[in-house]
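**Student:** Make the full structure from the sequences, and use the hints.
Those protein sequence lines, which keep their order, are chains A and B.
Heads up: the first sequence begins at 1 in UniProt numbering, then just goes up one per residue.
Heads up: the second sequence begins at 1 in UniProt numbering, then just goes up one per residue.
Hints are not guaranteed to be accurate.
In silico EDC-like links for lysine to aspartate or glutamate, alpha-carbon gap of 20 Å or less [unchecked claim]: (1) Lys119/A x Glu95/A; (2) Lys119/B x Glu83/B; (3) Lys155/B x Asp161/A; (4) Lys155/A x Asp281/B; (5) Lys119/A x Asp316/A; (6) Lys155/A x Asp292/A; (7) Lys155/A x Asp100/B; (8) Lys155/A x Asp161/B; (9) Lys155/B x Asp316/B; (10) Lys119/B x Glu320/B; (11) Lys155/B x Glu285/B; (12) Lys119/A x Asp292/A; (13) Lys155/B x Asp100/A; (14) Lys155/A x Glu285/A; (15) Lys155/B x Asp281/A; (16) Lys9/A x Glu57/A.
Computed beta-carbon distance windows for the label pairs [as the list claims (entries may be wrong)]: (17) Glu349/A x Ala120/B: 24 to 32 Å; (18) Ala25/B x Gly284/A: 55 to 63 Å; (19) Pro33/B x Arg308/A: 57 to 65 Å; (20) Gly302/A x Asp115/B: 38 to 46 Å.
Quick caveat, the hints were computed from the structure, so don't treat them as lab data.
The structure presented is a predicted model; accordingly, all values stated were derived computationally and were not measured.
Think of the CB as a built atom: it goes at the ideal place given N, C-alpha and C, for glycine as much as any other residue.
2 protein chains.
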Amino acid sequence: MADLVVSLKDRIPAERVVTDPGVTAAYARDEAPWAPYGTPAALVRAQSVEDVRAVVELCAEHGVPVVPRGAGTGLSGGANALEGCVLLSLERMNEIIEIDPVERLAVVQPGVVNDDLRKACAEHGLWYPPDPSSSPWSTIGGNVATNAGGLCCVKYGVTRDYVLAVQAVVGRGEVVRLGHRTAKGVTGYDLCGLMVGSEGTLGVVTEVTVRLRSARAAERTIVGSFPDLQTAGKAVGAVTAAGIVPSALELVDRHVLRAVDEWRNMGLSDDAEVLLLGRTDLPGEAGEAEADAMVRLFEEAGANWAVRSTDEEEADALFEARRLAYPAMERLGPVLTDDVCVPRALLPEMLTRVEAAAVENDVHIANVAHAGDGNLHPMIIVPADDEAARVRAVRAFDQIIAGALDLGGTVTGEHGVGLLKRRGLHDELDPAVVALHHAVKAALDPAGIFNPGKVFGDPS
Amino acid sequence: MADLVVSLKDRIPAERVVTDPGVTAAYARDEAPWAPYGTPAALVRAQSVEDVRAVVELCAEHGVPVVPRGAGTGLSGGANALEGCVLLSLERMNEIIEIDPVERLAVVQPGVVNDDLRKACAEHGLWYPPDPSSSPWSTIGGNVATNAGGLCCVKYGVTRDYVLAVQAVVGRGEVVRLGHRTAKGVTGYDLCGLMVGSEGTLGVVTEVTVRLRSARAAERTIVGSFPDLQTAGKAVGAVTAAGIVPSALELVDRHVLRAVDEWRNMGLSDDAEVLLLGRTDLPGEAGEAEADAMVRLFEEAGANWAVRSTDEEEADALFEARRLAYPAMERLGPVLTDDVCVPRALLPEMLTRVEAAAVENDVHIANVAHAGDGNLHPMIIVPADDEAARVRAVRAFDQIIAGALDLGGTVTGEHGVGLLKRRGLHDELDPAVVALHHAVKAALDPAGIFNPGKVFGDPS
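**Tutor:** Here it is as structure tokens:
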């Protein structure tokens with residue numbers, strides 16, 4: 001291992017190769033406090049594709065794992081250090097290389113923060129839709145690694161839908177370009193799409209070309225207050241069944257609202273058990289009609305009240321609260337965040353099962369959901385240092401996963417498998433499909449160095 | 001080989017296993033008359049996943065290639081028979097298994113014709129967008145194999161954007177489900193997306209789950225007549241630069257209009273050199289504004305005239321003519337169809353290069369283009385049985401491909417590589433990327449039986 005570090009320092013300026021345990025420890029894990037992590041041999045703060053290539057070449061030579069990471073905001077342990085690995089931070093590769101308004105694309109380095117890209121696009125009248133709640137902090141590279149979703153997915157799709165091309169360091173250090181810059185292209189396999197969502201197990205993405213949209217009309221916000229989760233779930237079903245595709249449709253429960261309010265003092269808490277936050281970005285009269293229809297559907301489904309927000313600041317505050325759900329809950333103790341996605345129509349049933357898991361295991365579960373997608377994020381919170389509660393939380397987590405699979409859903413809608421959902425992956429996928437994963441991994445990572453053991457590794 | 005046929009007839013009812021050369025010959029090629037093809041050992045008309053499994057198991061055992069095919073409307077030779085192969089026709093697996101209006105998805109067998117699916121969806125107020133010009137004949141399985149595009153791609157994306165999941169027979173006969181039924185899902189690699197566009201080289205798709213959209217507002221049509229290709233190309237650039245995303249933006253030249261008219265007597269031909277056919281499906285006032293803007297931009301770019309079509313039948317006839325371009329030209333002689341895609345802003349330059357290739361090689365080239373995508377389909381036509389002209393046509397074809405690559409484009413926007421574009425693939429992709437293709441192919445097709453040699457095989 002000392003050999004490897006010496007070789008790294010031979011090829012990469014020394015200040016970018018960090019072995020001080022005080023520093024590397026801070027990089028050893030993402031935001032999944034329940035996932036295990038090891039002690040890295042070194043942290044490399046790459047500043048160029050050449051740095052990345054040096055790391056991959058040397059790690060392949062020495063048989064040492066490479067764990068790439070962006071901002072470390074992942075929620076599944078995908079970026080957690082493996083024992084003796086090289087942590088490869090892409091944070092410093094944060095240049096927006098190009099924004100092309102005519103082709104409607106941007107070329108960025110992986111360390112660019114999502115919101116920074118969105119702001120830069122806005123200056124050109126363009127829009128990069130994928131908006132995970134972590135957008136103020138998470139990087140495009142991390143978003144690509146997990147195929148991140150967000151609030152606008154319900155209408156505009158996920159990260160993979162916007163990745164036209166990547167540059168990546170693969171294999172034993174080959175630098176390749178995958179995908180295309182044109183609007184369409186079918187020359188060969190979709191290896192670009194395969195890299196997206198592969199959680200660092202197939203190579204290291206060093207540049208991303210993303211598709212952009214034209215900036216859209218201002219959104220209208222609809223807020224509904226519901227007496228319970230099921231009623232809110234039914235309202236979501238009613239919106240979907242009416243053929244409406246809102247530009248956002250989020251569920252937030254009172255636990256989350258209260259936690260955010262206690263932290264940020266936003267004056268949010270009221271007597272609502274559950275809020276649904278809907279948005280439409282249809283222009284003109286069509287937007288008016290869609291907003292009115294959502295208010296009516298909320299009311300008919302049993303809302304205590306439903307209104308179109310006339311105060312833009314208030315509307316933004318509600319969505320800000322939604323985005324802050326995770327860090328706000330984290331202040332209250334270790335959070336075990338789930339990320340199941342079920343068929344939209346089964347959202348009320350899934351919410352019932354989440355509540356049942358909370359009761360049965362005597363744990364506290366706060367709920368946010370990308371409700372329009374059927375994508376739930378139950379957050380299980382237990383007191384710190386209470387081992388018995390921890391065991392109960394894991395049981396609730398597993399029951400929620402099992403419930404989602406039982407309803408024809410998936411164990412992870414957008415957070416990725418990382419370490420936390422590996423068992424779930426094996427429950428969800430047929431062994432023949434897992435075998436295909438191993439075959440692809442072996443084919444594209446012959447040295448076995450890219451984030452080995454993550455995603456479909458043996459969870460036992 | 002006789003052994004294999006006997007074994008096939010053991011497991012599959014005899015009437016589905018055809019060895020009569022008079023019948024199999026009709027299945028031995030797709031609509032790329034310039035691509036080579038061999039003599040199949042047998043044609044199997046599969047009626048179930050069990051039939052497909054039997055073919056794959058037996059071909060793996062005997063080391064015989066399997067060439068899957070749908071309606072045979074491909075334009076690159078991807079479905080052409082390999083010498084001694086088993087042609088596996090999926091045409092009879094043409095059931096629409098399910099349409100779910102709440103989840104907005106459909107589950108279909110691969111032999112379902114694209115337009116049939118679209119009609120069935122329309123009855124539920126739903127819409128399956130991908131609309132290759134072959135939609136009256138081509139099958140969803142074929143569309144998946146080539147990641148087919150179409151007219152609406154410019155706004156709504158391509159086939160891969162709509163494939164949520166597939167069932168496929170892979171390897172040595174394993175039946176697997178890839179993808180998910182939920183709106184989102186990131187459990188493992190995107191093997192579903194990898195299957196899409198793999199042109200039958202990674203397995204045989206036996207069921208497809210597609211995402212649907214709600215039916216949309218009626219479209220408005222804008223027609224512009226231009227004095228030459230470049231001026232039309234500039235008008236397309238102006239529309240794009242204005243941030244407009246039309247629901248279709250097609251280019252058709254007078255050669256095509258005349259050929260369609262001679263065939264179908266649709267009363268289309270006039271004095272236009274080049275027509276641009278634009279559409280917008282924005283609702284209400286926004287649609288009015290977008291249609292008006294397109295008329296103005298066409299005029300400002302130098303149109304002879306530009307109008308909003310007030311006659312729906314006339315508008316439909318023009319789009320019908322666009323769709324019939326290929327079969328209409330085919331009546332005039334063997335057609336060598338190109339399919340390059342360039343950055344949108346370079347469309348005028350690419351059109352210039354197409355014209356130059358026609359002049360330099362003394363061949364006739366008719367043009368249609370998904371202009372809004374920068375996706376051109378120059379159709380090179382030469383007299384039958386004129387070997388010298390044939391050589392010149394191939395030279396023009398190669399020059400067009402080289403031109404597209406020179407402009408940062410791709411050798412195939414939507415037709416696939418098949419046999420015709422294999423050399424182009426090797427020109428476009430770095431050897432390291434081709435090596436990744438070989439690695440993936442070897443990993444997922446250990447018996448080497450799925451359409452071997454197509455796409456990235458040695459073209460020499």
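**Student:** For each hint, tell me whether it holds in the structure or not.
**Tutor:** Hint-by-hint comparison with the structure:
no.	hint	result
1	Lys119/A x Glu95/A	holds (14 Å)
2	Lys119/B x Glu83/B	violated (38 Å)
3	Lys155/B x Asp161/A	holds (13 Å)
4	Lys155/A x Asp281/B	holds (16 Å)
5	Lys119/A x Asp316/A	holds (16 Å)
6	Lys155/A x Asp292/A	holds (18 Å)
7	Lys155/A x Asp100/B	holds (18 Å)
8	Lys155/A x Asp161/B	holds (13 Å)
9	Lys155/B x Asp316/B	holds (19 Å)
10	Lys119/B x Glu320/B	holds (17 Å)
11	Lys155/B x Glu285/B	holds (19 Å)
12	Lys119/A x Asp292/A	violated (30 Å)
13	Lys155/B x Asp100/A	holds (18 Å)
14	Lys155/A x Glu285/A	holds (19 Å)
15	Lys155/B x Asp281/A	holds (16 Å)
16	Lys9/A x Glu57/A	holds (13 Å)
17	Glu349/A x Ala120/B: 24 to 32 Å	holds (28 Å)
18	Ala25/B x Gly284/A: 55 to 63 Å	holds (58 Å)
19	Pro33/B x Arg308/A: 57 to 65 Å	holds (60 Å)
20	Gly302/A x Asp115/B: 38 to 46 Å	holds (41 Å)
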